[in-house]
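Trainee: If you're matching them up, the sequences are chains D and C in order. No gaps in the numbering here: position 83 of the first sequence is 83 in this note's numbering, and each next residue is one more. No gaps in the numbering here: position 65 of the second sequence is 65 in this note's numbering, and each next residue is one more.
The set of hints was computed from the structure by calculation and includes no laboratory data. Just to be clear, a hint being listed does not mean it is correct.
In this list, chains with the same sequence are indistinguishable; a pair is considered to hold if it fits within one copy or across any two.
With a straight-line Cα cutoff of 27 Å, these simulated DSSO-like cross-link-like pairs (lysine-lysine) come out [unchecked claim]: (1) Lys308 x Lys259; (2) Lys308 x Lys53; (3) Lys53 x Lys83.
Remember, predicted model here, so these are calculated numbers, not experimental data.
Number of protein chains: 2
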Amino acid sequence: MRQRLSVETYIRGVLAGDRATLSRAITIVESSLPDDRALAAEMLRGLLPHTGKSVRIGITGVPGVGKSTFIEAFGNYLTSLGKRVAVLAVDPSSQQSGGSILGDKTRMEQLARNPNAYIRPSATNLSLGGVARHTREAALLCEAAGYDIVLVETVGVGQSETLVKGMTDFFLLLMLAGAGDELQGIKKGIMEMVDAVAVNKADGSNGNAAQNAVAEYRQALHYLPESPSGVPIQVVACSAAEGTGMETIWQIIDAYCSKTTESGFFAANRQAQQGDWLRDQIRVSLEERFYTNTVVRQQMATVAERVKSGLQLPVEAAAELIELFLQSPAKPAEISGKS
Amino acid sequence: MRQRLSVETYIRGVLAGDRATLSRAITIVESSLPDDRALAAEMLRGLLPHTGKSVRIGITGVPGVGKSTFIEAFGNYLTSLGKRVAVLAVDPSSQQSGGSILGDKTRMEQLARNPNAYIRPSATNLSLGGVARHTREAALLCEAAGYDIVLVETVGVGQSETLVKGMTDFFLLLMLAGAGDELQGIKKGIMEMVDAVAVNKADGSNGNAAQNAVAEYRQALHYLPESPSGVPIQVVACSAAEGTGMETIWQIIDAYCSKTTESGFFAANRQAQQGDWLRDQIRVSLEERFYTNTVVRQQMATVAERVKSGLQLPVEAAAELIELFLQSPAKPAEISGKS
Chain D
1 MRQRLSVETY IRGVLAGDRA TLSRAITIVE SSLPDDRALA AEMLRGLLPH
51 TGKSVRIGIT GVPGVGKSTF IEAFGNYLTS LGKRVAVLAV DPSSQQSGGS
101 ILGDKTRMEQ LARNPNAYIR PSATNLSLGG VARHTREAAL LCEAAGYDIV
151 LVETVGVGQS ETLVKGMTDF FLLLMLAGAG DELQGIKKGI MEMVDAVAVN
201 KADGSNGNAA QNAVAEYRQA LHYLPESPSG VPIQVVACSA AEGTGMETIW
251 QIIDAYCSKT TESGFFAANR QAQQGDWLRD QIRVSLEERF YTNTVVRQQM
301 ATVAERVKSG LQLPVEAAAE LIELFLQSPA KPAEISGKS
Chain C
1 MRQRLSVETY IRGVLAGDRA TLSRAITIVE SSLPDDRALA AEMLRGLLPH
51 TGKSVRIGIT GVPGVGKSTF IEAFGNYLTS LGKRVAVLAV DPSSQQSGGS
101 ILGDKTRMEQ LARNPNAYIR PSATNLSLGG VARHTREAAL LCEAAGYDIV
151 LVETVGVGQS ETLVKGMTDF FLLLMLAGAG DELQGIKKGI MEMVDAVAVN
201 KADGSNGNAA QNAVAEYRQA LHYLPESPSG VPIQVVACSA AEGTGMETIW
251 QIIDAYCSKT TESGFFAANR QAQQGDWLRD QIRVSLEERF YTNTVVRQQM
301 ATVAERVKSG LQLPVEAAAE LIELFLQSPA KPAEISGKS
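Construct the entire structure; sequences and hints are all you get.
Mentor: Next comes the structure, spelled out in C-alpha cells:
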C-alpha cells in the first residue's frame, strides 16, 4: 500500500501547485477507506478557502464527436493565453460496459506534456453519486492548486450530463454535421442544458455541412425556452483537428462569465449547485447510516425476502425498517467525513 | 374534491375488472395527500395476492419512431389473441420541458375504444422516483384487474429507460432505418438493456432500408456481451402503420418468457426488481423522515447557507445534520404508507 503523507504536506504541495502531490491528493479523495476519508475531509477543509476561483466548463457530445481532440486543442489554446488548465472526466459507464474515458494514455498527448495543464484520468468503479462527489472534490483540489480553468468531460451516458451540468459554470455541447436530419441524434433535453453548441470537424470537405448544421441548430434554438442564465445559447463551427474556432469558443465563454457575473447568475448558480451537492450528500450519508445500522442489518434479509416473494409492498417494508432504525439507540458516526 | 370510495369498494371494483374503478384506484395511488396514501397502502395490501400474473413489457425509442402507433397496433394484435392489455407510461420529461406522453387524446384512438384494452395517461409533476413508484403500483392494480399484458412506454429522457427496464420482464427498443450510420443515433448503453430491437416503418419505399438496418443491428449485437437473461437479443423489422411484424414480435416475447421461466431467470429478475424497489423506497422514505424532522428543519437553513457560501463542505454539513436527526427523539411515523 502506498504511503500516505501528512495533511500539512498535502495541503502545502497542492497550494504550491505541485502536480505529483495534487495527483496523490485526488487519489485520497477518491478512496473509500475510512482513514483516507478522514484525511480527505481534513485536507479539503484546509484547502476550502483557496477554492472556487476557476471557471468550470463541462464538455459533452456523443462518442466519435472528437471530445479528446477538442479538449487537447482547446486546452492548448487556453494555456497559450497564459491560463492553467485542469481536465477531469465523469464516466459512470464503467458500471455496466466497463468503458472508460481519459484512461487511454495516447489521448491528449500534447496537452499531457504541457506544463500548464493537468489531466486526471477518470476514476472507475464508483457509483454515479460517487463519481459526482469525487469529481467535485477533485475540481476543488485543482482550484486550490491554482488552475484557472477546469474542463470536465462527460462520456454522455445515463445521467452523466446532468451531473456535469450540476458542477460546472458553462456547459458546451460538441456536435457533428451529418447527413440528413441534424437534430435526430440529439438526446432529448440536452439542448435545454447547454450554454453553447460547437459543430466540430468543420474542416476539408465537411466545411459546408458544418455551416449548414450551425444554421440548422440556430434555427432549432428559437423553439427552446430562454436559457436560465439569460445569455442566449451560441452555436459555432470549429475544427479541433485544425485548431480553428478555439478563440471564438473561449470568447463566448468569457463573455458568458462576464455577463452572468454582472447579473448575479454566476454566483447564484454556484450557490444552487452547492445546495444540490449538500442534498446529494445527505442522501448518501443517510443511506450509509441506515444500511450499517445493526438492527437494520439483522432484519434486512427477512424483510427483503418478504418483499421479493411479493408478500409485502416495498413502501410498507421500508416504513417498518426505518422505524427500527430510528428507534434503535443512535450512536455518533465513527468518522464525520465518512461515506 | 372528488369523493373517495371505501377500500372494499376499490378492491372489489378492481378485482371485477371495472375500468372506471381501476382509473380511480390509480388516481389514489398517484396522490400525495396523506389520507390517499393511507388508502392506497391498504388497497394495495388487499390486492397484492392478485398481482404479478401479467407479462410486463417495456417499450422505448426516440421521439418520431412511432411508439404510439406501435402500441396501438401491438395492443390490438394482442387483444385479437384474447389477451387483455394495459398501457402505462413513464414520462419524467414534464419536469423540465413540460412534455408529456399519452396525454394526447387523439393517440391510440382505436386501442382506447377496445374493450379489452386499458390506457392510462401518464402522471405528471412527479419526481423521477415518484414516476417509478406510481407506475409500478399502477401496474400492480392493472394485474389485479385481470390484464394479462402490461405495456410500459418510456419517453426515453434521462433515466426513464433504466426505470422501465427495472420494472418490466421484457424490454423492446423501437428503431428507425435512416440514411448513413445506423448506429450513430443509439444512446450508448441502451443496446445492453434491451431484449429485442424492432426496426419500425418497414413499409413502402423504406422496406429495403429497414432490412439493411436489421442486418446491421444483428451484426452490431455480436460485439455486445451476452444478455443476462441468456436469451439472444432478437432484431426484426415491423410496420406499426401496416400492422406487420406484430405476430413475430409477440412470438419472440412469448418464447423469451418460456425460456426464462424454465431457466429461472424470469422469477429471479422479478425478485431482483422487487429488491431494487425496496431500496428505492427506503431512500425516499428516509429522506422524507429526515427533511420533515423538526430539529433538521430548524437547522437546515443555517447549515445550507454555510455550504452555499463555500464555508463548509457538504460532506461535513451532512454528517452534522444527520447527527442531529438521529439524536432527536424518534417519533413513530404518522402513516406507515406515507411518502
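Trainee: Against this structure, judge whether each hint is valid.
Mentor: Here's how the hints hold up against the structure:
1. Lys308 x Lys259: Answer is between: at 21 Å across copies they meet the 27 Å cutoff, but 54 Å inside does not.
2. Lys308 x Lys53: Cα proximity of lysine 308 and lysine 53: across copies only (15 Å, versus 50 Å in one copy).
3. Lys53 x Lys83: within (13 Å within a copy, 63 Å between copies)
Going through the hint list in order, the structure satisfies each hint without exception.
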